[in-house]
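Number of protein chains: 4
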Amino acid sequence: MGMIGGGKDAFIGAIHRIAANMDGLIELTAGALSIKADVAKESGRMLFLPDDRNYTSYEEMIKAEAALPSDKRIDFVTIVTPNFAHFAPAMTALENGFHVVIEKPMTFTLDEAKKLKQKVEETGLILCLTHTYSGYPMVKQARQMVKEGTLGKIRKIIVEYPQGWLSRLSEREGNAQAAWRTDPSKSGKAGAMGDIGTHAAHLAEYISGLKITKLCADLNVVVEGRALDDDGAVLLKFNNGASGVLIATQIAAGEENALKIKIYGENGGLEWHQMEPNTLLVKWLDQPMQVLRAGSNYTAFLSSYATQNCRTPGGHPEGYLEAFGNIYRNFARTLQAKLEGDEPSKESLDFPGVEDGIRGMAFIDNVVASSESDKKWTDYVV
Amino acid sequence: MGMIGGGKDAFIGAIHRIAANMDGLIELTAGALSIKADVAKESGRMLFLPDDRNYTSYEEMIKAEAALPSDKRIDFVTIVTPNFAHFAPAMTALENGFHVVIEKPMTFTLDEAKKLKQKVEETGLILCLTHTYSGYPMVKQARQMVKEGTLGKIRKIIVEYPQGWLSRLSEREGNAQAAWRTDPSKSGKAGAMGDIGTHAAHLAEYISGLKITKLCADLNVVVEGRALDDDGAVLLKFNNGASGVLIATQIAAGEENALKIKIYGENGGLEWHQMEPNTLLVKWLDQPMQVLRAGSNYTAFLSSYATQNCRTPGGHPEGYLEAFGNIYRNFARTLQAKLEGDEPSKESLDFPGVEDGIRGMAFIDNVVASSESDKKWTDYVV
Amino acid sequence: MGMIGGGKDAFIGAIHRIAANMDGLIELTAGALSIKADVAKESGRMLFLPDDRNYTSYEEMIKAEAALPSDKRIDFVTIVTPNFAHFAPAMTALENGFHVVIEKPMTFTLDEAKKLKQKVEETGLILCLTHTYSGYPMVKQARQMVKEGTLGKIRKIIVEYPQGWLSRLSEREGNAQAAWRTDPSKSGKAGAMGDIGTHAAHLAEYISGLKITKLCADLNVVVEGRALDDDGAVLLKFNNGASGVLIATQIAAGEENALKIKIYGENGGLEWHQMEPNTLLVKWLDQPMQVLRAGSNYTAFLSSYATQNCRTPGGHPEGYLEAFGNIYRNFARTLQAKLEGDEPSKESLDFPGVEDGIRGMAFIDNVVASSESDKKWTDYVV
Amino acid sequence: MGMIGGGKDAFIGAIHRIAANMDGLIELTAGALSIKADVAKESGRMLFLPDDRNYTSYEEMIKAEAALPSDKRIDFVTIVTPNFAHFAPAMTALENGFHVVIEKPMTFTLDEAKKLKQKVEETGLILCLTHTYSGYPMVKQARQMVKEGTLGKIRKIIVEYPQGWLSRLSEREGNAQAAWRTDPSKSGKAGAMGDIGTHAAHLAEYISGLKITKLCADLNVVVEGRALDDDGAVLLKFNNGASGVLIATQIAAGEENALKIKIYGENGGLEWHQMEPNTLLVKWLDQPMQVLRAGSNYTAFLSSYATQNCRTPGGHPEGYLEAFGNIYRNFARTLQAKLEGDEPSKESLDFPGVEDGIRGMAFIDNVVASSESDKKWTDYVV
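Those protein sequence lines, which keep their order, are chains A, B, C and D.
Following the working numbering, the numbering of the first sequence begins with 35 at its first residue and continues without gaps.
Following the working numbering, the numbering of the second sequence begins with 35 at its first residue and continues without gaps.
Following the working numbering, the numbering of the third sequence begins with 35 at its first residue and continues without gaps.
Following the working numbering, the numbering of the fourth sequence begins with 35 at its first residue and continues without gaps.
Simulated from the structure, these hints should not be mistaken for laboratory data.
It cannot be assumed that every hint is accurate.
No copy labels: a pair is met if it fits in one copy or bridges any two.
Using 25 angstroms as the maximum straight-line C-alpha spacing, the simulated DSS-like pairs for lysine-lysine come out as follows [as the list claims (entries may be wrong)]:
1. K151 with K372
2. K223 with K271
3. K409 with K271
4. K380 with K42
5. K97 with K372
Okay, chain A solo, but in the shape it has when bound:
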């Protein structure tokens, strides 16, 4: 693995490294860890990168690695730069035959996203998008239960993602994470909706297997002096006629990372909370609620997608890093199968890719368009 971005001050780069390390399937062997050469070099040394693969730009890394013999060079790059700097390294990597892991949102614009999709299709290379929350075993369980029709036809989806960390103008107080995320030139045309609304929308579509077809958005800039939305709510219509509500706010003072989803069908409902991720509540119309738990011994009740994305028995909580690790592990297993000419298992193939990236960028575009419109409903276009 060669990492682009993720130098010593970055947040998400460190998370990617833990996730990639965890299962002993992936090794960090090269990096272009910062656009500042000295930071890149120093960061690489702290991570035990050999000097000659501790690069100072992604262009340099991709060129040098592509020149190595195939059993020496990296198999893939992982891109953990701010949003505006996703597309160029991803495209360069694909053009040079490297698979790509990329942090969400996939690109800066929908147009870039479509170009990446085209390139992926041309090259047959793998692009993995780290929509972390779809890596949780009980999220996969939920998806499979919907797919198998356990709930009957889906009628209602409520997904909320409240955070409180942008309740003040932290971007002016030296918070680097806040600074780029609230800057339209780095983050894109949406703030909270791009940063976390896309996660919520992905989760809703991932679990339900449905697609948003219309939406009605109300985006707000709550903290004075901010350029992008820090709060918003969206009414949704799905392609089977179901309706939904999506809330994404970063000014919910006192909230940590309280992503929750509830999905109701004719026969029952599912509820999942990211902050208690090993539990899936299964509600029934005519019988007591069941509490499905990751890693449990009642495997007859659990999908193979849930059981194969656990590492520990029930009651040994796995968390965010393991969910992230599941995306890397599934990607790695798929890649390994591909390299060995095998067919990857269906469970390994279950990680977000370029199509999810397209949907994410389209979601941002559509939500912003709706928010600016006086019409109630805006058609969701891709």
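Starting from the structure of chain A, add chains B, C and D where the hints point.
Structure of chains B, C and D alone, referenced to chain A:
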């Protein structure tokens, strides 16, 4: 107390009686418990009503009671009929000098509500509207904390009220509660929004002290064959610029009565769940969440509105019936003070009244108007 | 109903009145509410007692009421005095033909308890002991599930009852409740074990249907200057070979009234928390945990003992006062059936009585004996 | 790192590898992964071990590694064999200059534990004992809060560790984990008390800073046909006069890994649940409960021991593997400092070691002795 409606098959009448009985301040001494004379009579006998005050119509009851000497007759009527049959008995009672307790929504139409308001103002009589949820001590605590500015300026309100009991066409399967609530001629122009959306809207305005000024509603008839909305979501704007989301659905299969509210201000947030009503979560931007509990000994942290609406020490859970009882108790204390020429305490005066009834009827009108409109925002008119 | 004790400063008397009022089946018509004549009189007036039945001693009340015609006099007395003053009024009431409701622990000594039992058997009168926690619908549900063998043979019972309100020497700071409860001359030979340990022991035996046969107790006086145990733990053996642990402490600083019980059998376990009383967790060896809820519509999963002890549909929380009310309601229905020559329903008959009172007093004796012994196990003798 | 045990069928070996991998500080470079040569070899290949460091016995590994130049050889061994096979490889490693990480309980007998301690003291090498639960940030937070006197003098400790996985005779049904853990020749003289009771005892002493001085144990063999205790409860006395209760059972049907601890002092209490590990409940005598959360931004409320053992911001749940990883990371940082001649930070030094191992073995001895005794209290001897 003379009860109108609430005969032997009714649900809410029994609740009102328990709530009224609980504190030994109110006695059921007369009733016109059903529009069917035999049911009325039989119901009255089961409740130990004396024969001569076991009436067969509200007109009869009001006339007969009004003719009794003032120390013998009932002080007030309580109206627990279906929505369409609220106005007439309420108006008659007021015209004959009786105070009124009335189940929500207050009337069938906003116009009726305005007439009641006028009559209440003319007569100086008390009208108490049983918006039960505002009777919970921790709801009152939340209201006082907002009022005192603990959270700073309010920015966001999320209130959701999911129930699952109308997930099937129960109104066709002999469920009497479902039958009248889904019948426009008995329930009014809204279904779920009238039945429970009004509770959610009341709670949001009651706790926040704000008023809804604009809304954008999406009402749905999910179960085929039903005439009124059984599901809906509403985007809200409040008079201080805050935004909000209100969800009211009766097709959330597997949900009981899961009313929840979250209110965020500049400094922190409050969260309250009706199904765990003795707990108020107080979230802070810069310090750990606190769990405020009804009946606790740390009275310095609790408003007098909270402490005076408890009957037991912390850890002895009070519930829905006690919240209902608080409305009756506060009404009774206010009435008693009035009868004795005293000034009621500010805590006693804190029960919903005719103004809340107006807001409730206006909410229904505005939500229905918005749902039928193509415009995103509908001004909230009263 | 004639109440003995429970004057204006008392805690538990007010609770009894609410519980008795709630369902409109019982009316407070007489009282000897305090041993201080003026307090008794004033308290009676506050409760709207007629002057001639507002007595100043229980002897006076029982004599006067017994002299009334049978359709005028009270049917039963309710005794809510401190422990040392339970026996005499109870015995007098029974001797004069009155049924008795009595707060737990039933008496001051085991010997008194046995005398009451003998008198109850002689007279055929009903004695109801208000072990409140056995009035909760989900406790009754648990009992029935064990009885029906759902869990298989019971193996382990863990019951804990932590409170924090005696963490300081409150009895010296004017806390009247603390004062008598920590005074051996008023409370009896045990403190926390008598006050709340008896509740825990009753709950364990009530739900499991088992009897404690041996115990090993460690009682502690934690707060310096206190005469009776304020903390303790007991290892238990039951008559089917199961083992258990009982913890009762009033120095668990910060705890409210956190009674919890867990019962494990061969096939699964049950868990119930008094502070969230409408929920019963049902854990299974080979399938997901179920969350049984009071008042739910899935009545096939609920025992008639649970459904007949609810007043509201699922999601409308009932609490401590309703549990207390259930004991009064079941007693009243049993009494009514008896008075009318009918057979009470089995559900009505399910309230604690004199036998439970005997077990409670024996528990205190045995726990204190064990605590004073160097031997590990003390046989539980009655 | 060279791993001893942990071949392809083992449970805990895989956990150790994830924990060691996670932070990129430790690399698995050698192994003697099974006592069966073919299993060892195959397991090593699956983990990408080079052939020449994929050993078939620990003796071979230690000898061969010791012969390598110091910059090539492993720095430490990690021992993940069943209990009976801990001592010999640990002693051999220490004798050959290797640091040691070892799964708990440290040895098979207390005598072996004392010998290891002596050898550690002689050599100055580091022995790290993986009492996982002390690696959780909120456990460390609890320990520091007690240490700083936040709760005042500690009065009561309740620790319970219920599991259900040995509710049946799984050791006869091909469950390898069950087989050795219930076999006295492999597990030692205690079953549940050795396997999980030691964790509970360690946690109680670790958080409270107290030492058990007396105990009264009741160990049971609940499942017929089993040789060792599968259930037990212990009354405890601590060196400051506090009392406690410890419950460890593996027949609590339906429980996963529900380790919980509650500690009460004069001013308040702490409660921590392993299955929701990022939350520490802080209960106060005179103010609302606080919910302290790992990774939160209110760092003024969090000890450096808590903050330095997190990898993610609040609301991104970390779990069991991260707690395990913390022990490895702290060990690795301590080792690194030592190798570089630096002083390790106090936070890095906070991992369990040989003294904890001694206490664990003594706990087993004392609990078994007490259980066999008729006396109530057994002095805790080491």
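Results of checking the hints against the structure:
Proximity of K151 to K372 under the C-alpha cut-off of 25 angstroms is restricted to the intra-copy arrangement: shortest distance 19 angstroms within a copy versus 51 angstroms between copies. In this assembly of identical chains, the alpha carbons of K223 and K271 lie at most 25 angstroms apart whether taken from the same copy (23 angstroms) or from different copies (23 angstroms). Taking the shortest Cα distances, K409 and K271 sit within 25 angstroms of each other both inside one copy (15 angstroms) and across copies (17 angstroms). Taking the shortest alpha-carbon separations for K380 and K42, only the inter-copy value of 23 angstroms comes in at or below 25 angstroms, while the best intra-copy value is 36 angstroms.
For the identical chains of this complex, K97 and K372 are intra-copy neighbours only, at 23 angstroms inside a copy versus 40 angstroms across copies, given an alpha-carbon limit of 25 angstroms.
The structure agrees with every numbered hint stated previously.
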